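2 protein chains.
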Amino acid sequence: MASSLRHFAGLGCFSAAASSSASTSFLPGYAPDFCVFVALRPIKPPATAVANPPASPSPLEEEHRQQAAVPWHSDDPPAPSVPAPLRVGIVGFGNFGQFIAGGVQRQGHTVLAASRTDYSAYCAQHGIRFFRSVDALCEEQPDVLLICSSILSTESVVRAIPFHKLRPDTIVADVLSVKEFPRNLLLEVLPPGFGIICTHPMFGPESGKHGWGKLPFVFDKVRVADDGDQAATCDRFLSIFEQEGCRMVEMSCAEHDRYAAGSQFITHTIGRVLSQLNLSSTPINTKGYETLLQLTQNTVSDSFDLYYGLFMYNINATEQLDRLEMAFEKVRQMLSGRLHDFIRKQIVERADPSGKLANGRSSSPAAHHLSTLTEENKTRVSPALTLASPTL
Amino acid sequence: MASSLRHFAGLGCFSAAASSSASTSFLPGYAPDFCVFVALRPIKPPATAVANPPASPSPLEEEHRQQAAVPWHSDDPPAPSVPAPLRVGIVGFGNFGQFIAGGVQRQGHTVLAASRTDYSAYCAQHGIRFFRSVDALCEEQPDVLLICSSILSTESVVRAIPFHKLRPDTIVADVLSVKEFPRNLLLEVLPPGFGIICTHPMFGPESGKHGWGKLPFVFDKVRVADDGDQAATCDRFLSIFEQEGCRMVEMSCAEHDRYAAGSQFITHTIGRVLSQLNLSSTPINTKGYETLLQLTQNTVSDSFDLYYGLFMYNINATEQLDRLEMAFEKVRQMLSGRLHDFIRKQIVERADPSGKLANGRSSSPAAHHLSTLTEENKTRVSPALTLASPTL
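From first to last, the protein sequence lines are chains A and B.
Mind the numbering: the first sequence is residues 1 to 392 in UniProt numbering, read in order.
Mind the numbering: the second sequence is residues 1 to 392 in UniProt numbering, read in order.
Calculated from the structure, these hints are not laboratory results.
All values reported here derive from a predicted model rather than from experimental measurement.
Please note that a few of the clues may not be correct.
For chains that are exact copies, the list does not tell them apart, and a pair is met inside one copy or across any two.
To be verified - In silico DSSO-like links for lysine-lysine, alpha-carbon gap of 27 Å or less:
| # | residue 1 | residue 2 |
| --- | --- | --- |
| 1 | Lys287 | Lys165 |
| 2 | Lys287 | Lys221 |
| 3 | Lys330 | Lys345 |
| 4 | Lys345 | Lys165 |
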């Protein structure tokens, strides 16, 4: 599925409330109905500012606030304007939240962060305002609230958000590896005016450490109002990932979960199963085996909670687990079926499928394999046939 | 395990019988006990000769036969001599036999081939003498008889070889992906004076199409006489693969089969299991999933006979299959165990692990997963507990 990101082009409605905090808005609660030009792409501040963005509001942000605070007279010609950086509030600031924050900042936007763990030192170093609580973060009224909690904690995190402190057109987005669950949760919990974008950046700090180019970014604009500036904010938020080079894939949350259960969950399951075998490198690794060793290592470097989340929070996962189990059983049956054919050929037709001489001596390991078949498989072989074989 | 190929260096015993056919030997059946210099490495004929070696004996081969046929007087100083190319008879000339023949020819040796299928046109094009029967090939008395049949047909192929037509110090080698089986078969069937080298080139026409550099070549000198020229012929044969750049791994056949069951067989099994799922590319492939797609494709491009051979002819394979099944079951139990903990926490301790409000509404898919647990797993949940849950 190709990217179908629509960009905000030409004149867009841009309210003062969308870019000014409650404290600087000269008319709190009132969104004036005037328009400014909105650039097609967010314009990056100079590279130096991106590398070490200040923790306090940036000059660009300040400039925009001042512009928004000065009434614009309809008989003046509209002046081209640099849109304010988006203010993205990240809730849950572990490895993945920090990783995503990097891209947001590289695209010239402002990151605010809140987390149970104290990341104030990390944030000070990276030009990010850190808040001890989601309440304090929400008082800053970010344009986008990006939930970066784990799958397992997301429900409690979302239910604890003080939505009344946010602007009524705030966009809430998530980055979970499952999508129907956060979609339904956000539709249930969020006030009606809030925008909802469900996303899945299908990469992480390891696979994306050399850049996000060509890595898949799945998104579903679950609820984005056409009027007001929600649509523009949505597109500006998504353009962060497009500008970083991601392969943008728009699909419904349900479609994502069907695909992901049959691909990502299967992959994690194979990795988890192999990790139980404690595989190790041998002096005679084939290329295929080295691939599996790498897959196992990558899988167990993720937490079991993630794997459990992929299972528990994707309604298609159980079916895939069942299919995998049936596939394994099918392969086992194919092997034992062939083995039984081999033996029957010897003992019923008196033929020798191996070309062995008729002296009863054999180099064939068939006897060993028959003796080590599982109890379940043994029952499929007639005891009479087994006993009748002179070589077993 | 590093390569431990020992090379024949300095003076080596080199009998006339080793390099002359029965028709040119002036004393058939007698191996004179004189020595000539044997080069450390086989000396390649000019590249043009390698690219299109003649199907009839090469000038180098003829020159050596003439040298060998002239008695050498012990009071003459020994003259440096170019060793004759090895004459390698390949039995079973399918894809893999042809692939190995390429390396033998690149190292300047002569290939004779016999196969059930008529490969005379292919052989004429590639400067290889083709024989309609193994009998006819054996009458040419090659230095090395290389068995390149499939695992399943090897026993009948080996038992049909007319050993009495070969020289009594002929070396027989195999290239199967299992090693204890051909080792025991050859020890059982071959006359006592024959040399036995069991090898496993752990690559094929696909993985080795750009050269054999660094690809593992496993070998076990099962039975090679120290006296006579068998040891030298063995080393010259093995040096074909070393000169091609292979990573030479000397290990016992039993050790090979233990390692291979835990690596190569597991890899093939995973590929076979995944092929049952009919996986296909999705718009949201992760890198790990693409790895599995590739593995599946590589696995099914090999015949099921090969996979069956890896299972049936390696006594360690059943144990590995059992371990894989237990690992799968363990992962399944870990998932259902966590799911049950989650539900018990809700219904026994009356706690809400998801942070959900106490209105009984839930976005959690736990109910779905519990309802889709397999019958086996369902029995582990007390029906009372299941019924007591208000959200299920």
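Okay, the hints, checked on the actual structure:
| no. | hint | in the structure |
| --- | --- | --- |
| 1 | Lys287 x Lys165 | neither (56 Å within a copy, 40 Å between copies) |
| 2 | Lys287 x Lys221 | between (41 Å within a copy, 25 Å between copies) |
| 3 | Lys330 x Lys345 | within (22 Å within a copy, 37 Å between copies) |
| 4 | Lys345 x Lys165 | neither (79 Å within a copy, 32 Å between copies) |
In terms of the numbered hints stated before, the structure departs from hints 1 and 4, listed from lowest to highest.
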